[in-house]
Amino acid sequence: MGAFDFNVIVKALPLLWEGMQVTLLLTALGILGGIALGIVLAVMRLSRSRLFRNLAGAYVDLLRSLPLVLLIFWFYFLVPIAVGHPVGGFYSAVIGFILFEAAYFCEIIRSGIEGVRRGQVMAGLASGLTQAQCMRFIILPQAFRAMLPVLLMQSINVFKSTSLVYVIGLRDFLTAADLIGGRDNRLTEMYLLVAVVFFVICWTASQAVGLLQRRIAP
Amino acid sequence: MRYNWNWSVLFADPYLGWLLSGLGWTVLVSAAAWIIGLALGSVIGVMRTLPSPIARAIGATYVEIFRNIPLLVQIFLFYFVLPELLPREMGRWLKRDLPHPEFTMAVISLGLYTACRVAEQVRAGINTAGRGQASAGLATGLTLAQVYRFILLPLAYRLTIPALTNEFLNVFKNSSLALTIGVLELTARARAVADYTYQSIEAFAAASLIYASISFLIAFLMRRVERRARLAGTLAAGTH
Amino acid sequence: MTKTAIVAGAILGAAFALTLGSASAQEFYGALKKIKDSGTIIIGHNEDSPPFASFGADGKPLGYSIDICNKIAAAAKAELKLDNLTIKYQAVNGQTRTPLLVNGTVDLVCATTTNTFSRQKQVDFLNTMFVTGNRLLVKKNSGIKEIEDLKGKVVSANQGTTNEKVLNELNQKLNLGIKVLSTKDQPQGWIALETDRTDAHMTDEVVEYGLIAKAKNPDQYAVVGRLLSFDPYAVVIRRDDSAFRSLGNRVLADLYRSGEWEQIYTKWMSTIGQPLSPELKLLMSMQNYPD
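Residue numbers (the numbering used here), protein chains in the order written: chain E, 1 to 218; chain F, 1001 to 1240; chain U, 2001 to 2291.
Read the hints as simulated data drawn from the structure, not as lab findings.
Just so it is clear, the structure is predicted and the values come from calculations on it, not from any experiment.
Yeah, the Cβ is synthetic: ideal placement off N, Cα and C, and Gly gets one too.
Worth double-checking, as some hints may not be accurate.
Derived list of chain U stretches under chain F, where covered just means 3 residues or more per stretch with a C-beta under 8 angstroms from a C-beta of chain F [what the hints assert, rightly or not]:
hint	segment
1	2064-2078
2	2090-2098
3	2119-2132
4	2189-2198
Cut-off 30 angstroms, straight-line C-alpha distance, at most; resulting in silico cross-link-like pairs (DSSO-like, lysine-lysine) [as the list claims (entries may be wrong)]:
hint	chain 1	residue 1	chain 2	residue 2
5	U	K2033	U	K2173
6	E	K160	U	K2060
7	U	K2216	U	K2088
8	U	K2077	E	K160
9	E	K11	U	K2060
10	U	K2088	E	K11
11	E	K11	U	K2121
12	U	K2033	E	K11
13	U	K2267	E	K11
A short, non-exhaustive set of chain E residues, derived as facing chain U with CB atoms under 8 angstroms [claimed, not checked]:
hint	residue
14	P86
15	G89
16	G169
17	L179
18	A205
Let's have the full structure, built from the sequences with the hints guiding it.
Dropping the structure here:
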């Protein structure tokens, strides 16, 4: 007991890499979809229509009030019913992540937009731009600059939280490692490996975001 | 879809009792982890603002380690890996003699993770409160410890109430991960009801309703606290 | 067992009458219609229960239950006269298997699921494909012989299984004061025992032999005590789908009759050192209903 055997990792590399690909794909789709839906929600939350504001607000509040573990299960179960035909476990999880992360991205984008000074919008409107043009040419570029680091940090969080698909047995990096560790009776080595891999990726990414933040800071 | 609805299982014995005891453990795990997170997070946050480069380095290292590993993996490391790395007797003590080993390890793990997030908020709060406040305090003859105790920390906490509320809600939600090492908290109990009765939708709806209600209640209460604690002259107080 | 046989026989007979009546029309419904329309059958399986359902070096599912489900898929292909049938695999666990079956993500679940009446309220089962029961997995040097020896000790069982249910019930009935650790899956139950976190792991006897077979020191462990429960394993399908159930049961009956089942049994159970017992052989042979 206690004798660690890292040989098992070498043998498991192909399966681990497959798991990492699932993790990366899940992350990429979660971020892209989450930001796209997040923009829609943020615009709704800032719109003049009370209905839109309340709808988007309720959506964001509800999704942020529930544990992701519970939501993953819900979406895993409900997405095929909503779509009307089975879409497979992976896509159920992807849709779940998009819907969940959108609530967080929405708040980041909203506060970014709200951070742009009102005077600038007034000036834009006064110079003859329409509301939409103001949004497109004045607000969004500035807001985007301000929120970029936060968006990137949240993206790292998405990467970390994809590990929760463990609870539905979708074979991402952590689940693959867990399954192999269980099968070959080497759980401790596998958990250590997962921790190191996640740390190296997330730490490198967050250092890069830090550098970027310093460069674009006014 | 052929699904046989049966909401009455939620109120049947023993399932209602399971959900209630699950809620109890969820509250216990969250509260205990929050106390650790807030206390340790404040210490680490303060360390990151101290003049001493060693203190800053320790604080920064702590935050980087705990921030960059998924919480679920951290829980596994504490529960499964740590006891095997320690000397045999200590490992055995962690696994056997510790009261409620699953609960304790979940609380410690969740608490340490939360601490790194609280630390970032406290540091931001202290930096916002400003060097000016600190030098003014030092000039009036207070020691550095007193400056933190009486000036910087109270200001920082008041400034960061919304962020800290968010962190508390995160602890509450993250406590559901304790189920992976066998703590029978709310989500675990909902899953058990689903497994035993095969009425999955009902069980998960009940758990979701409980989580959402408590989250909304906390958010509502903290908004009132926040309003009372607002600092005169800051932007937050001036917007209304 | 005989009751089940009679009931299953009656259902099978009724199903036959139905298929005979509509044989010319060839109107499919339920899972068979779904499989015909999509050209795909989706097999749900778990991954933590060798030799029933595990995965190989290439990551593909394999095991006793998987072999049987592949036979069912082949029979569905023949029944539907399809030129091509895609077989997809979807990993499930105790929490996801029912919802994924009900919402159509999988068409059948091939794992180590015990057929129980409470589960039949939500899903349906094919005839029995294996019979086992709960016993105790312990370290040999612990001296534990029966569940009564576990007074005040720590015992693990997996979340949401019939094993956990039985353990909790016996704990209460015999007033043992056992501290129950709810483990997530078999590997976690195993590692808890291996690292002395628990004194025993309680699960189905056959799974315990599977766990011992891959231990670092297999001779340190033992399966002990009397049978604490009766667990007939069966493939899970959606409710109210007698055509698909009939097809599945016919596959099982053919396997039992032709002796092919014994080959599947030997192929997988020899990996854990479990020869076929006359009792199990008799139980299975009782299900080879005539064509």
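Just to be careful: measuring from the Cβ of A205 (chain E) to every Cβ in chain U, is the smallest value less than 8 angstroms?
27 angstroms, violated
Check whether the Cα positions of K2077 (chain U) and K160 (chain E) lie no farther apart than 30 angstroms.
42 angstroms, violated
Within 30 angstroms, alpha carbon to alpha carbon, are K2033 (chain U) and K11 (chain E)?
Given that 30 angstroms is the threshold and the Cα spacing comes to 42 angstroms, the pair is violated.
If you look at each residue in the segment 2064-2078 of chain U, do at least three have a Cβ nearer than 8 angstroms to any Cβ of chain F?
violated (count 0)
Is it true that the CA of K2088 (chain U) sits at most 30 angstroms from the CA of K11 (chain E)?
Since the Cα atoms of K2088 (chain U) and K11 (chain E) sit roughly 26 angstroms apart, the hinted pair holds (cutoff 30 angstroms).
Is the coverage entry for the segment 2090-2098 of chain U by chain F consistent with the three-residue Cβ rule at 8 angstroms?
Holds, because 3 residues of the segment 2090-2098 of chain U bring their Cβ atoms closer than 8 angstroms to Cβ atoms of chain F.
Take a quick look at whether K2267 (chain U) and K11 (chain E) sit within 30 angstroms of each other, Cα to Cα.
Within the cut-off at roughly 25 angstroms; holds.
Are G89 (chain E) and chain U close enough, Cβ to Cβ, to be under 8 angstroms, as the hint says?
5 angstroms, holds
Given hint K2173 (chain U) paired with K2033 (chain U) - CA-CA distance at most 30 angstroms:
47 angstroms, violated
Within a Cα-Cα threshold of 30 angstroms, do K160 (chain E) and K2060 (chain U) meet the stated pairing?
26 angstroms, holds
Given as covered by chain F, does the segment 2119-2132 of chain U meet the bar of three residues or more with CB within less than 8 angstroms?
holds (count 4)
Would you check whether L179 (chain E) satisfies its interface hint, that is, whether its CB is within less than 8 angstroms of any CB in chain U?
6 angstroms, holds
In summary, the numbered hints that this structure violates are 1, 5, 7, 8, 11, 12 and 18.
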